[in-house]
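Q: Take the given structure of chain A and dock chain B to it, following the hints.
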Amino acid sequence: MTQFILKRLMSGVVVLFGLSVFTFMLIHFIPGDPVRIMLGQRATVEQIEALREELGLNKPLVSQYVSYASGLIQGDLGTSLKTGRPVSTEIAERFPATAKMAVASLGVAVIVGVGLGVIAARFKDTFIDGMIMMFSTLGMALPGFWLGLLVILVFSVHLGWFPIAGGTGLLDIVLPALTLGTLMATALSRLTRAGMVEILSNDYIRTARAKGMGERIILLRHAFRNVMIPIVAVIGLEFAGLLGGAVIVEQVFNWPGIGTLAIQAISSRDFPMIQGTTLFIGAIYVVVVIVIDVLYALLDPRINFSAKREGA
Amino acid sequence: MTHVLEVSGLTTTFTKNEKAFKVVDDLSLYVRKGEALGIVGESGCGKSVASLSLMRLLGKNGKTEGSILLNGQKILSCSEHEMQNIRGKEMAMIFQEPMTSLNPVLTIGRQMSEGLEKHEGMKRAQSKEKVIELLTQVGIARANEIYHEYPHRLSGGMRQRVMIAMAIACNPKLLIADEPTTALDVTIQAQILQLIQNVRTERGTSLIMITHDLGVVAETCDRVMVMYAGQVIESADVRTLLRNPKHPYTIGLIQSTPHRSKGQKRLYSIAGSVPTPEEYPQGCRFAPRCDKAMPVCLEQNPQLLAVDQASDCRCWLYQEHTKGTAVNA
Numbered sequence: 001m002t003q004f005i006l007k008r009l010m011s012g013v014v015v016l017f018g019l020s021v022f023t024f025m026l027i028h029f030i031p032g033d034p035v036r037i038m039l040g041q042r043a044t045v046e047q048i049e050a051l052r053e054e055l056g057l058n059k060p061l062v063s064q065y066v067s068y069a070s071g072l073i074q075g076d077l078g079t080s081l082k083t084g085r086p087v088s089t090e091i092a093e094r095f096p097a098t099a100k101m102a103v104a105s106l107g108v109a110v111i112v113g114v115g116l117g118v119i120a121a122r123f124k125d126t127f128i129d130g131m132i133m134m135f136s137t138l139g140m141a142l143p144g145f146w147l148g149l150l151v152i153l154v155f156s157v158h159l160g161w162f163p164i165a166g167g168t169g170l171l172d173i174v175l176p177a178l179t180l181g182t183l184m185a186t187a188l189s190r191l192t193r194a195g196m197v198e199i200l201s202n203d204y205i206r207t208a209r210a211k212g213m214g215e216r217i218i219l220l221r222h223a224f225r226n227v228m229i230p231i232v233a234v235i236g237l238e239f240a241g242l243l244g245g246a247v248i249v250e251q252v253f254n255w256p257g258i259g260t261l262a263i264q265a266i267s268s269r270d271f272p273m274i275q276g277t278t279l280f281i282g283a284i285y286v287v288v289v290i291v292i293d294v295l296y297a298l299l300d301p302r303i304n305f306s307a308k309r310e311g312a
Numbered sequence: 001m002t003h004v005l006e007v008s009g010l011t012t013t014f015t016k017n018e019k020a021f022k023v024v025d026d027l028s029l030y031v032r033k034g035e036a037l038g039i040v041g042e043s044g045c046g047k048s049v050a051s052l053s054l055m056r057l058l059g060k061n062g063k064t065e066g067s068i069l070l071n072g073q074k075i076l077s078c079s080e081h082e083m084q085n086i087r088g089k090e091m092a093m094i095f096q097e098p099m100t101s102l103n104p105v106l107t108i109g110r111q112m113s114e115g116l117e118k119h120e121g122m123k124r125a126q127s128k129e130k131v132i133e134l135l136t137q138v139g140i141a142r143a144n145e146i147y148h149e150y151p152h153r154l155s156g157g158m159r160q161r162v163m164i165a166m167a168i169a170c171n172p173k174l175l176i177a178d179e180p181t182t183a184l185d186v187t188i189q190a191q192i193l194q195l196i197q198n199v200r201t202e203r204g205t206s207l208i209m210i211t212h213d214l215g216v217v218a219e220t221c222d223r224v225m226v227m228y229a230g231q232v233i234e235s236a237d238v239r240t241l242l243r244n245p246k247h248p249y250t251i252g253l254i255q256s257t258p259h260r261s262k263g264q265k266r267l268y269s270i271a272g273s274v275p276t277p278e279e280y281p282q283g284c285r286f287a288p289r290c291d292k293a294m295p296v297c298l299e300q301n302p303q304l305l306a307v308d309q310a311s312d313c314r315c316w317l318y319q320e321h322t323k324g325t326a327v328n329a
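The listed protein sequences correspond, in order, to chains A and B.
If you count by the UniProt record's numbering, then the first sequence holds residues 1 to 312, one letter each, in order.
If you count by the UniProt record's numbering, then the second sequence holds residues 1 to 329, one letter each, in order.
If you're looking for bench data, these hints aren't it; they were derived computationally from the structure.
There's no promise every hint is true.
[To be verified] List time: in silico BS3-like cross-link candidates among lysine-lysine, alpha-carbon distance up to 25 Å: (1) A:K124 x B:K19; (2) B:K63 x B:K74; (3) B:K60 x B:K89; (4) A:K124 x B:K60; (5) B:K173 x B:K74; (6) B:K89 x B:K74; (7) A:K124 x B:K16; (8) A:K124 x B:K63; (9) B:K89 x B:K123; (10) B:K74 x B:K22; (11) B:K74 x B:K33; (12) B:K74 x B:K60.
Bound conformation, chain A alone:
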């Protein structure tokens, strides 16, 4: 198992290297000059040249990359052009807010999505199933920013139950988490239902019934774990997406997370910051995918990393 994780981490490093080269190139192809943005319209050519020189932006691209990459190897993500503070500090400051929201949203998504999916499968082709599937279709059709604005309007403006936006406290998290979580739940509920319906037609479910097991035990003990195997991958990738910042919903709720940071970095052409956030999000995906694989092995005893098995 350890060997497996190490191997995956190694290949993750290669992925991140490729990602750094790719974003570096992409950033320099997009129009817009960070120096001009920093100095404003009325800066003189001398001022611009001087700042370029100072930031090392006048050197050839390759040598710029080499100096960036050598910093990267030492764990240095560079300094933000906009704020002059280290990129890693900025990300570290923003990450807790994003992580909080990711965990809360995922919680909502898993409880609502998987729960509804199991219920829909249990009452397949009945009124309940139909209602749940209608809800899920509706949810998939709704754009996140629209739902976000709507819940702010209803729960904050009219009812005044929750703060409108801006904070990162427990109450502040409820609406964005509900918005993101519900949207994620819709797809998850369909996936769970489909998986559950398929699993329930398996021979071993019939065996469990033949033993006299009740519906609850069949669903929760016999079917659920089997259903979770494919669903864990989807949940994991959704979670990685959330950890990388839910850009639109963060904007709507004015949530000071990674998503907002990345958007600001792009609009001000803050090269090191764009690089830093991109690499950070990439690293999250690498780690999450490894975690998914480990979870697979925990859920499905047929998957084995090494010749020696662990006990049951």
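A: Then chain B, alone, in the frame of chain A:
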């Protein structure tokens, strides 16, 4: 004579595209205490559906009518909750596919103990002891280790042993084995049949053996019923049926069994295949494939009637001898 199971007029109907199909048609049978009844037939003759109907495991699509009495209890009027207390406790089932009949993500121990915990009210520690005892009884070495194993680590034969141990865990009065050896290697088949026999004689369990293999019936059963296209076409004790078959289908079935000593050049085969419920003919359902078919066979389906002391048969060839003698059970 006490009958563990008495079934009369069992009819299972499936509905497809708003048309109803009788997959099992007016099946009547009984099983005495400790007796083994074989139900033989080709694939698609309704024998598996019949067995699932007995356990009421068909789900929503199949509708079962008639009467099933298990130790005097009316199975078809039980609630689902009552059924859950009967399944695994009063009657248990062994399935055809040991490879897919065990849950891949639960340990053998977990899957075996849950029945004991439900029906016998055992706690985990008690049930573990019992499970290991059962596994040892069905001939699994290292039962202590197997308890913690997952199904994918076991061979097909081992898994079928586990299925048998699981089925007999709560000492059911009736065991239904649906093609328990079909998916296994020949050498393992004999062992599994022997095991089922041992279990039966040790515990006095009644058995319904569902199979397409007359050899299995000869080995394990006391009486046998031959099914064709959803109906019983012949019923007799095993010796009589094998030595003196009445129905042309049974005769064909026996002739098409390979036999070492006969030295026949080419194996006999019955032409055609079992009709699906959509295409059951108006007359005798076997008539289109029967080499003895008479005009009457194509017009009217014969009754299942007693031919003599030993055999019941559903065939026009024997109806004149037995005019009016309706067969009960």
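Q: Can you list which hints this structure breaks, lowest number first?
A: none
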